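So the protein lines, in turn, are chains A and B.
Numbering-wise, the first sequence is residues 2 to 266 according to our numbering.
Numbering-wise, the second sequence is residues 17 to 185 according to our numbering.
These are computed hints drawn from the structure, not numbers from a lab.
Here the structure is a predicted model, which is why all the values come from computation and not from measurement.
Ideal Cβ positions, reconstructed from N, Cα and C, are used throughout, including at glycine.
There may be inaccurate statements among the hints.
Here are the computed lysine-lysine pairs in the DSS-like style, where the Cα-Cα straight-line distance is at most 30 Å [as the list claims (entries may be wrong)]:
1) B/Lys-40 <-> A/Lys-25
2) B/Lys-40 <-> A/Lys-67
3) A/Lys-115 <-> B/Lys-86
4) B/Lys-24 <-> A/Lys-121
5) A/Lys-113 <-> B/Lys-86
6) B/Lys-40 <-> A/Lys-108
7) A/Lys-115 <-> B/Lys-24
8) B/Lys-115 <-> B/Lys-40
9) A/Lys-153 <-> B/Lys-112
10) A/Lys-115 <-> A/Lys-129
11) A/Lys-108 <-> A/Lys-119
12) B/Lys-112 <-> A/Lys-195
13) B/Lys-24 <-> A/Lys-119
14) A/Lys-195 <-> B/Lys-115
15) A/Lys-129 <-> A/Lys-153
16) A/Lys-247 <-> A/Lys-25
17) B/Lys-147 <-> A/Lys-115
18) B/Lys-86 <-> A/Lys-38
So the derived label-pair ranges between C-beta atoms look like this [as the list claims (entries may be wrong)]:
19) B/Pro-130 <-> A/Glu-83: 33 to 43 Å
20) B/Ala-23 <-> A/Val-100: 14 to 24 Å
21) B/Asn-106 <-> A/Phe-94: 31 to 41 Å
22) B/Val-140 <-> A/Glu-78: 30 to 40 Å
Residues on chain B that point at chain A, a partial pick, calculated with CB under 7 Å [said to hold, decoys possible]:
23) Lys-32
24) Ile-38
25) Glu-42
Each chain is listed here by its residues.
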Amino acid sequence: MTFSEAQQEFQVRYYLWSISEFEKEREESFASLRSFKAGQPQKFHQFVQRLDADDQKIFGAGRLKKFHPNAVRALGENYSAEEQTLLLKFDEFHRAEVVSGSGIDTKMLSGKVKFASKRKLRKVLTAKFREAFGSQCLGLASVDEEPELQFKMKISGWIFDTFFDFGRRETFLDYHHSISSEAAFEYRGNQIPKMPMCNRISFCFWLGVCGQTQWKYLMDEDIEPVCQAAIMCCERFFAVAPKLLKGLEAEKIEGPQHAPWECQR
Amino acid sequence: MSSLDAAKYGRMIHAKLGEDFIQKMEPFGISGSSVATSLRKYGINVDAIIALLPDLVDINPANKEVYEIKPINAALLGEVQLEGYLQVFNYFDPVKTWKPGSTYVPPLEVTLDPLTYAIVSPPVRGVILYKLFSVKDFAKRRALNVAQSQTADIQESVGISTLTTLLGF
Numbered sequence: 002m003t004f005s006e007a008q009q010e011f012q013v014r015y016y017l018w019s020i021s022e023f024e025k026e027r028e029e030s031f032a033s034l035r036s037f038k039a040g041q042p043q044k045f046h047q048f049v050q051r052l053d054a055d056d057q058k059i060f061g062a063g064r065l066k067k068f069h070p071n072a073v074r075a076l077g078e079n080y081s082a083e084e085q086t087l088l089l090k091f092d093e094f095h096r097a098e099v100v101s102g103s104g105i106d107t108k109m110l111s112g113k114v115k116f117a118s119k120r121k122l123r124k125v126l127t128a129k130f131r132e133a134f135g136s137q138c139l140g141l142a143s144v145d146e147e148p149e150l151q152f153k154m155k156i157s158g159w160i161f162d163t164f165f166d167f168g169r170r171e172t173f174l175d176y177h178h179s180i181s182s183e184a185a186f187e188y189r190g191n192q193i194p195k196m197p198m199c200n201r202i203s204f205c206f207w208l209g210v211c212g213q214t215q216w217k218y219l220m221d222e223d224i225e226p227v228c229q230a231a232i233m234c235c236e237r238f239f240a241v242a243p244k245l246l247k248g249l250e251a252e253k254i255e256g257p258q259h260a261p262w263e264c265q266r
Numbered sequence: 017m018s019s020l021d022a023a024k025y026g027r028m029i030h031a032k033l034g035e036d037f038i039q040k041m042e043p044f045g046i047s048g049s050s051v052a053t054s055l056r057k058y059g060i061n062v063d064a065i066i067a068l069l070p071d072l073v074d075i076n077p078a079n080k081e082v083y084e085i086k087p088i089n090a091a092l093l094g095e096v097q098l099e100g101y102l103q104v105f106n107y108f109d110p111v112k113t114w115k116p117g118s119t120y121v122p123p124l125e126v127t128l129d130p131l132t133y134a135i136v137s138p139p140v141r142g143v144i145l146y147k148l149f150s151v152k153d154f155a156k157r158r159a160l161n162v163a164q165s166q167t168a169d170i171q172e173s174v175g176i177s178t179l180t181t182l183l184g185f
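The shape of chain A in the complex, shown without the other chains (with noise of 0.2 Å):
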């Protein structure tokens, strides 16, 4: 199998699996998106509510289908008038709380909060990503020492990093997933997998909900919750990882002969 067709599949497998996660979202009347206290998610979460279930269900066909136009073109899936209708109400009610002001949060924004420390939620982030991960993680024993948060793990022999990021101003949690060969091209002392699987993996994203998870503006007291959602996150990605990835293991794929940036990506 060629590292285009391995891509292709694992992106429609992806894409079915999110459209169940969604479906297990709704059923739960969206409670993992209450974790979110501002931005995108939770804007996504009040326009969900206003919806009956039917419309919920035509509404997350949608947002799946922008989220993996790939997977979409390769099962040759269309949007209906009414996932497009909705997409654009959902687009509406956005814009208007942009122009109208609403739904900015000028206490937090004032610079008068005491946000809680990057150093403290860097932290216990890591205690927590290695208590439910250390196992399976290498180079755990560098993690501390490096300025940014990065955690690799090998699963059906792609590597699987995980980037953390906890924001320059306010302080926010920023998580995702990014699965490559191990097999790379140097350029300018980074390394460039070969074959570059699938990055941007996140909650958020598979879900549809918006393209970077992102839990925003966190006091001292957000920290446990959020590092405990995050986790719970990567939990579900990493659990699942494997059946996205039953046959299309890293060493049964054939790679690109070229350095991928010679390719389309």
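Take the given structure of chain A and dock chain B to it, following the hints.
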């Protein structure tokens, strides 16, 4: 408007435009991430620490655009900063082609609180400029103008009556 207020509204406008950008450019819009994180999300695992923080990044391979948000009096600073970010993006990306943003169209007006709003320009060479308008400031200036014109009016009346007395009419 005090500099503290300007900073507070600056943070608000960044937050609002960040959310708008992520929504309009989804799923490729990134806001609040460093150059290194943006590159990682694009698919280039950069090991270096790059503490540069562009305001908005569109990692759509068809666009690869970077934006900086600045108040209207800091346009030049915005351009210089953006140029620095682009150099780093293009240094680490073998494909290069990162450029100043032009695809995203921000809302023309953003209300920040009941008495303050911002007028926002479309990106020019990747820099999105905004100007804050405060109804409070406007009311203060208007009151000052009224007071000045009333004072002038009184002074004029006093002047005329004094002159009339002096001339013995």
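(request) Against the earlier hints, flag every one the structure doesn't satisfy and list their numbers going up. (result) none
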